[in-house]
Each structure stands twice: as structure tokens, then as C-alpha cells.
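Colleague: Required output: the full structure, derived from the provided sequences and hints.
4 protein chains.
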Amino acid sequence: MIRVTLWYEYAQEIGELRREMVPGISDGDFQHFEEFVRSRVEKIHRVYPLGLMGTLEEALRKDPELEITPVNIYMPEYGLPDDLLENTDVLVWWSHILQDAIPDELAYKIVQRVQKGMGFVPLHSAHKSKPFMYLLGTSGCLQWREDDFCRVWTATPSHPIAAGIPQYFELEEEEMYGEPFDIPKPDDTIFMSWYRGGELFRSGCTWTRGYGRIFYFQPGHETSPNYHNPYVQKIIDQGIHWAAPTVWRPDFDCPNSLTKPEEK
Amino acid sequence: MIRVTLWYEYAQEIGELRREMVPGISDGDFQHFEEFVRSRVEKIHRVYPLGLMGTLEEALRKDPELEITPVNIYMPEYGLPDDLLENTDVLVWWSHILQDAIPDELAYKIVQRVQKGMGFVPLHSAHKSKPFMYLLGTSGCLQWREDDFCRVWTATPSHPIAAGIPQYFELEEEEMYGEPFDIPKPDDTIFMSWYRGGELFRSGCTWTRGYGRIFYFQPGHETSPNYHNPYVQKIIDQGIHWAAPTVWRPDFDCPNSLTKPEEK
Amino acid sequence: MIRVTLWYEYAQEIGELRREMVPGISDGDFQHFEEFVRSRVEKIHRVYPLGLMGTLEEALRKDPELEITPVNIYMPEYGLPDDLLENTDVLVWWSHILQDAIPDELAYKIVQRVQKGMGFVPLHSAHKSKPFMYLLGTSGCLQWREDDFCRVWTATPSHPIAAGIPQYFELEEEEMYGEPFDIPKPDDTIFMSWYRGGELFRSGCTWTRGYGRIFYFQPGHETSPNYHNPYVQKIIDQGIHWAAPTVWRPDFDCPNSLTKPEEK
Amino acid sequence: MIRVTLWYEYAQEIGELRREMVPGISDGDFQHFEEFVRSRVEKIHRVYPLGLMGTLEEALRKDPELEITPVNIYMPEYGLPDDLLENTDVLVWWSHILQDAIPDELAYKIVQRVQKGMGFVPLHSAHKSKPFMYLLGTSGCLQWREDDFCRVWTATPSHPIAAGIPQYFELEEEEMYGEPFDIPKPDDTIFMSWYRGGELFRSGCTWTRGYGRIFYFQPGHETSPNYHNPYVQKIIDQGIHWAAPTVWRPDFDCPNSLTKPEEK
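Line by line, the protein sequences are chains A, B, C and D.
Take the first sequence: its letters are residues 1 to 264, numbered as in the numbering used here.
Take the second sequence: its letters are residues 1 to 264, numbered as in the numbering used here.
Take the third sequence: its letters are residues 1 to 264, numbered as in the numbering used here.
Take the fourth sequence: its letters are residues 1 to 264, numbered as in the numbering used here.
Just to be clear, a hint being listed does not mean it is correct.
Just so you know, same-sequence chains aren't split out, so a pair can sit in one copy or run between any two.
Stated by the list, open to error - Each computed BS3-like pair below joins lysine-lysine, with the alpha-carbon atoms no more than 30 Å apart: (1) K260 / K62; (2) K185 / K128; (3) K260 / K109; (4) K260 / K234; (5) K116 / K234; (6) K128 / K264; (7) K185 / K116; (8) K260 / K43; (9) K260 / K185; (10) K116 / K130; (11) K234 / K109; (12) K264 / K234; (13) K264 / K109.
By construction, these hints were calculated from the structure, which means they are not laboratory data.
Everything numeric in this text was worked out from a predicted model, so none of it was measured.
Modeller: Right, dumping it as C-alpha cells:
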């Protein structure tokens, strides 16, 4: 069994904000932000009657090898208390407008858990989340535009994450993310996306950090119905399997090797 | 000075074939092949009054740091006798319908010259040339279609080959080359191309092999006018500078290190 | 079941050479070569009563998931006829003094089989074999010296090939292979070797070429008893599992995508 | 001119600590720490009459293309105020016992400056510095032991940082740093170190992060005289040249590309 934690920002889905989640904002700006968040609720519910993460959860539950725990930022300790993190094999992460709400301290716990072996599957707008940026060491910058037609190409068909995925599949509507994408050279560039408006993007990439494996996958705009798409579901499921740890790093010691191997 | 050899296949431009350049072909097939080759001449000349490689040569001659020698497959020893190869710093290579005419022996001389330090800049259809495949160890396979609109995106703007190139530029007509592209993981993916027909491609990539640097760049279909494009010219010029050798490997010995460093 | 072919040069073990295996040699040189080959037989048999490859074969046969076919260069078609190659999932390869006996034609069949998905596990002196050099595109050059103490360090403990291997293990006697090692940047550098004489070496490295996975592992000098070592056996066994294909490339077509995806 | 800032921790050299540089320490522990720091002063001064960084500075000043600013942690704003950082092309960094004194805020300014294009040359114990770990996303863990004989091998002789460096050179005494070294796959592994006690280490490695280039180099233990070594000096000088920025990223925007390129 792979213990999967689905971490979700959730704010746009319930149309609620907590003041402390938006540090340093003025009263007026906070009010506008709340209005924006409330304005999206209806559209998201229409696209995702079960919710964005609820839809992905339902799909992943069909895989009997996954033991799934859905959490969100409104839960105590931002949904990720130590004992849950320490019992997570693969962390799937969707965040967007509240990326800054996550304290650095929590972001670093996630970083260290990945370095110890936990798989990490950041989705969509998580390219600007703290765990993504702190693990990769780059800004994650890109260009974007809402609602374009997207064709996802399989660039590395031999990778286990691409098993059973055709040469390409189409998403009628997805947020456009375009190059240049500020990421370190990927270990593998598995998927690349073509947008009808004229851009392209490395949309499915892997890296390793310490003992942990990372798979970023672009689809998942909150008002586009792509977590209903069976290929998207299959790719995320296969990404979780690929990222699942095989061996854990016991600690982060830098041991003083007092006795020389040559003198043992 | 960088000693640049521009190697060109040339057959479609002059509309001539030599029988020995197409080994193992039947008389009937050779006749059809000749007709095809002759049928392109007029179009190529209309697009390139100076010739495809002549146009590129003219552009590169403006760079006073390059010392250029244009050669083609109709010259003795396929245009690349040993003394020229051994005096080449960067080999620019355009080949297509006569890729198999190059003997393995010559292809391996090129491979070894790259391993010793020579830069190699294969263009366009050279993705299936013997030097390209033998250096990279992959098939270079891709999908293709003639004459599509192409938008070239700069994915790694900090790379010296991309200096002064905008976020993207457009080619009204280029042959479409599409993923999956069977190449080893590039050291850098500098350019990526978007085609209006719906495909995309890693169109500007680098690798190192031994002491030598390799830069592949996709534009250059023989009937599309893209070697007139100043960005394409600039990219190839900068690719030559980047690939120019800084140090040469003296030999390919595997020396028997008879005396242990610990006993010297 | 993984169908494993163990390909072995075998000449030094039986003390016999066939003239056609050493192309272009003079009569006198051939005689000296034969004497050298005969002179090793006794030492190899003392170290490996079952033979070098026989010892490795015996160890690998304990793994019920492997179906093993041992072959050698004295068999018809150099031990690797088409129907065997086409039914091989992972090719383990040990060659040395007869590297040049393999025709380019056979070497390219192996290269293409790897590009289609076959795993390839070149051992020890196979760093100068044609399949190794043609797949990697580099010379494989290194420095060497017979019979030194070797300590193998695990540099990437999280890699599946390193599962269960300690931080280091020791080989009382192995041929020294030293840097610089002329290879392309490895996907992973799993093992590194320290030699008492003063050198070091990247001794366990992986690459991918097309759909195929490659794992090179250094230990295996013919007169050193290291294929009796349980860690060496375990690493090669795990290398075979890691390199086993999960998906095969059907062909090497470059298809003309006549219909644009945008017009389908 | 390359504007180089040499950042130095300095504490062990002057034998002084400031309480606020060691957050969260008890009075007793602080006293012991101070004693340790004072105990090293004499040895460092014996080895480095000009100081550790003073010796490196003197060597680098011979390069007329470098404009050098030496700073240390005792200066205002930890020696690295914003206006200096924003006028630094390459930051050379030596830190050890006070790695935690650097506030996260400053570490992130450095990270962002690198992502914008600044070169970063962390030396020796800076493998556990915040800028190193935050840029690479790994723990930097390794094993160590004081005072061993070290032989530095050139693994990638064609890299500009290795120009003019022999196949190996020797350091009579250096701190041993041993594998496994927890770093992401390097872009290039230029140097590797052999220690007489039995360990080895990837001691000269490069990475890119955003527009910035990073070169880590291991030698530089505070009580070993290796910044007097002309090869070590030359390598650090060449590392600075290699890491010098060629183009700067203007900002970290994720622009909303409102107009589709296809509609311009």
C-alpha cells in the first residue's frame, strides 16, 4: 500500500478566506480578494460537483494499492500535522492563491520529508508553491492565460508514467502555461503541451532530490474539467506509483568518520 | 579564428544524383529518385537564389571570427578529406536524401573528431545523419509534415546560443518536425517549436560527447526560406561560437598506469 | 520472467583463438597473441573453477525471475543470432581482447535492440566494446592497471540497483580503472570505486537510449575472483531487473503525419 | 570586469563570536563554543598569515579582470547589504560554524540573485550553507574527517574550469569529505578527490539555477594550507570566470499573456 496524502488549498471551492492566510494584506484588498474567491465557487461546483480534489480522489480510490487521505488548508496545522506527514509516502499537492499562507517552517518539513524519500506530485499552479520552489531551487516562473485548447504530447513514451498513454490527447479547455518555464533541467521531460493560442510548455517533468522523487504535471485549472479526463487521472496515478519511496534515508547526519576505512 | 566547414548534401539543389550515392537501389527506383530530385531544383532556386547553403554561408561570412570552407558531397572524398576534417574546428552539417551515401568509415572519423573536441552543428534533416545518430546513440526518429507555420520559443534565455533572441520568433513556413523526438536527454533544451497544425518539438538542443560540443537546430527545410531569417542566422552563428573547441584531446589511448600514484 | 542473455568472449578461458576473430593481424603477432591467451587459462580456472561467466550464471540462476541463456563468441553468429537477440530482454555483456571481432553489423543490431527497449548491462572491459561505444557515442577511454585493492562506494543509495548494498564494500584484488572516464553525463552515478594505488572511478553508471536502459558496472577482471562476491552478484542481478524493458518501441519509422491534428 | 564578492565567515580566524550569531544556544554551550573558536586562531594564523580568505584574495587580485570586494559576517548586514549584493556578479562563499547565523531572508536574497544570473562559488564547508542547500534543494550531507592526504583528479578535462589543470594534483593535508554526497545530479562533475584514508568525493561540480551558474569546490579546510596551492587558486579563478553572468533576468513575473500570439 502506498500512503497518499492529497493536499488541497480548497479556498476557491468553498468561497471562504481566513484573514491570517493572506499575511500583510490591507483591509480593502482583502475584501476584493474575498469577492474574487466567492465569485469562482459556482463555476467550480458546476465543473466539479464533487469538488476539484474530490473528483481526483474518487478516481484514485479505484486503485486498490493507494491508501488515500484528503486534507486541506482549513484543517489544523494547515492540514499537514507532523504525524500525518511522517506517515505519508507520496504527497499530492494542489495550491494556488494561498501559496504564501504556508509557513516556511512547514514548507521545510515537506522539503526534508522528500529528501528522506517521500514522493512529491505538485499539480498545476503548485509550480509557485513553496515546496516546489524550495526543492527545485528555481522560481517556477512561466507565462499563462485562462482557457485555451490544450493538446498533451507524450515526449518520452518509454517512461512508466506514460504507460498506456497515447501519442497525444486533447483537453478542450485548460489554463495555458507557456515557456520559458524556470525549472532546473528535468531528469525526464515526459509530456509537453501545445496550446491553440500559440504557446507550448514542458507539462510533465521529473526530478530527484535526495532519496525523493518529484513529478510535476500541469493540467488542473480549477474551472476546467480535466480531472474528469481518464488520461489525466491515469497519469497522476502512475506518477504516484513512480514517486513512491523504495528506501528511506534514516537521518541528515554528516558523520565524523573517525576511523579510516584503511585502518579498520 | 574558428575554422568552420559547411558540409552540404547539395543533390536537390543541382538536381543530380550519382548512382553510387544510393547503394542497393534498383534501376527503376533510381530513375524515380532522380526525377524527384530534379523536380525540386526550381523551387529551391526560387527560394534560395544563392542556394540553401550559399545563403547560410553569406550570412556567416559577416562574422569576422569565422573562417569558412563550404564543401559538398560531390567533391572528392565526399567533400571531407582527412586534411580538411583535421583542420576543422566546427562542422556544420546539412544532409537529407543522401544520408546513407556517407560511408560508415567517414561517419566514424567525424565521431572521433568530435570526441577529440570538434564542435558539431547538425541542421534540420541531419537528425537522421550517421554522425548525429552515431554520436547520440539514438535513432533520431520523429514525425514530420511539409510546410506548416512555425513559432520558435526560447526556453533557456540565459544560454549563450540564445543571446539577443526574443521570447519567440515566427517562420511562416517550415517543415513540421514533431515529438516524440528520439534523442538522449539534452544538456540544454534551448529552443522549442510550435506548429500551427498541432505539433511541437524540441528544436534547439545541446549535448557533449568527449571533448566535443553538439548543437542541433531544426529550421532549414530546403524549400522554405528560413536561412534568410536573421534570428535563424544568429542562432547558427552563436551555435558555432558555443561549439568551438577550447581544448583538444590528444589521443584515444587507454594508458596502462604502471606506477601507482601512491608510489611515485 | 526476464529473458537474460549472458554474452561472453570466452577466449582467455579456453585458451583458444580463431584467426578470423583478430582481423588484420600478422602471423607473428597472432602467434604471440595466442601464447598470451593460453598463458591465462590456468589462472582463470584457479580463480573460477566454473569459469568467469559460469560463476556469474550460477549466481543469477538463484533468481527465479530470470530465464538465463549463456552464449559465447565461439558459437554460430558470434553467439547472438537474430532470433536469440529478438528474444532477449536484457543482454549482459563481457568482452575484452576480442572486442574488434564483433562485426559492426552485429553491433548495430544490438544498438537498435536497445533503442527498442532491451536492457544492456556491459561489464568491466566492455567499456571499449562496440555496443557500449556506439550506444554512448564516446570513446570509453580510461586508465588501468592490474591487481589493486578496490573499495566500492555507494554514491546513490536510493537507487533500486543499490538496494541492500552497504555504504561500501571491498574487493581485495580488482583491475584498477581510473578517471578520466570518457562517458556522457550519466543519468545516475550509483557506485564509485577507490583504489589503494591512488586512483578513483565512476564504476556503476546508468544511461537511457531510446526505450532502453543501460547499466555499466566495473568489477569483473578475469583473474580476480569478484563474481564470487555476493554484493557484486546482487548489484548485477538488480541491474538486470532495473534494465528490464517495460514497453517496446514497435519500429523506427519517421512517419509523415499527413493530417494535421488540428484538422482531425 | 567581473565584480566578485568574497564572503567569509571569519569567526575562527579572529577567535571571536557574537552571541546573536548562535541563536538558541545555552550560556554553557556558548562558552564552550567560544573556547573552541579561540583554540583555532593560532593554527589558522600559522597556516595563513594573511588569513584564509586573505590568501585567496591575494591570489585572485592577480587576475586583472576581477574587481574584488572582501566582506565578512561581522560587517553590517552580515557583510552583504542589498546594494553590494545587487552589484555582485559572482559571489564566492566560505562558511562553516556560523551557517545558521545567516537569516533565511538573506539566504533567499542570495538565491534570487543567483536565479537572476549571479554566479555562485561555494567553497568547502559551504555545502551546508543555506544558500547552497536552498539553491540545490538537497541536504548537502556527506561524511568527513580532519586532515588526510588528498589527490584531486580531473574527471572532465575539456571543461573551461579545468583548463591547464593536470590529470591530478596532490594536497598533503585536507579535510576528508566522503560520499555519499547528497546533491542533485551535477551538470558536470569536473573534479573528484581521492583520500588516503579510503574515501572518495565528487569535489568539483556545477549546476544551473535560473540564469545563474553554480560551481562548488571542496578544498579549503581552515587549518590546511590549500589556498596557497596554485592549482586550487587557478580552479577557483576559472570557476569565477565560468560562473560570471552573460545575461540577467529582469524580474520574476509570471506574466498574463492576454493576447494570443496567434491573434497578434
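Colleague: Under a CA distance limit of 30 Å, which applies to K260 and K185: within one copy, between copies, both, or neither?
Modeller: between (37 Å within a copy, 27 Å between copies)
Colleague: Can you give me the call for K234 and K109, within, between, both or neither, at a CA distance of at most 30 Å?
Modeller: Cα proximity of K234 and K109: one copy only (29 Å, versus 34 Å across).
Colleague: Treating 30 Å as the Cα threshold, decide for K185 and K116: within, between, both or neither.
Modeller: So K185 and K116 pass the 30 Å test inside a copy (22 Å) and across (16 Å) alike.
Colleague: If the cut is 30 Å between Cα atoms, do K128 and K264 qualify within a copy, between copies, both or neither?
Modeller: between (49 Å within a copy, 28 Å between copies)
Colleague: Can you give me the call for K264 and K234, within, between, both or neither, at a CA distance of at most 30 Å?
Modeller: Between copies only: 24 Å across chains, 51 Å inside a chain, cut-off 30 Å.
Colleague: My question is about K260 and K43: at a cut-off of 30 Å on alpha-carbon distance, are they close within one copy, between copies, both, or neither?
Modeller: Classified as between; 24 Å across copies, 65 Å inside a copy.
Colleague: Give the relationship of K260 and K234 under a CA distance limit of 30 Å: within one copy only, between copies only, both, or neither.
Modeller: So K260 and K234 pass the 30 Å test across copies only (26 Å; inside, 50 Å).
Colleague: From the Cα coordinates, with 30 Å as the cut-off, is the pair K116 and K130 best called within, between, both, or neither?
Modeller: Both: 18 Å inside a copy, 18 Å across copies.
Colleague: Regarding K116 and K234, is the shortest C-alpha distance of 30 Å or less found within a copy, between copies, in both, or in neither?
Modeller: both (26 Å within a copy, 24 Å between copies)
Colleague: Pop the pair K185 and K128 into one bin, within, between, both or neither, using alpha-carbon distances up to 30 Å.
Modeller: both (17 Å within a copy, 23 Å between copies)
Colleague: If the cutoff is 30 Å on CA atoms, where do K260 and K109 land: within, between, both or neither? Let me know, please.
Modeller: neither (34 Å within a copy, 40 Å between copies)
Colleague: Between the shortest in-copy and the shortest cross-copy C-alpha distance, which are at most 30 Å for K260 and K62: within, between, both, or neither?
Modeller: neither (53 Å within a copy, 35 Å between copies)
In the structure shown, a violation is registered for the earlier hints numbered 1, 3, 13, in ascending order.
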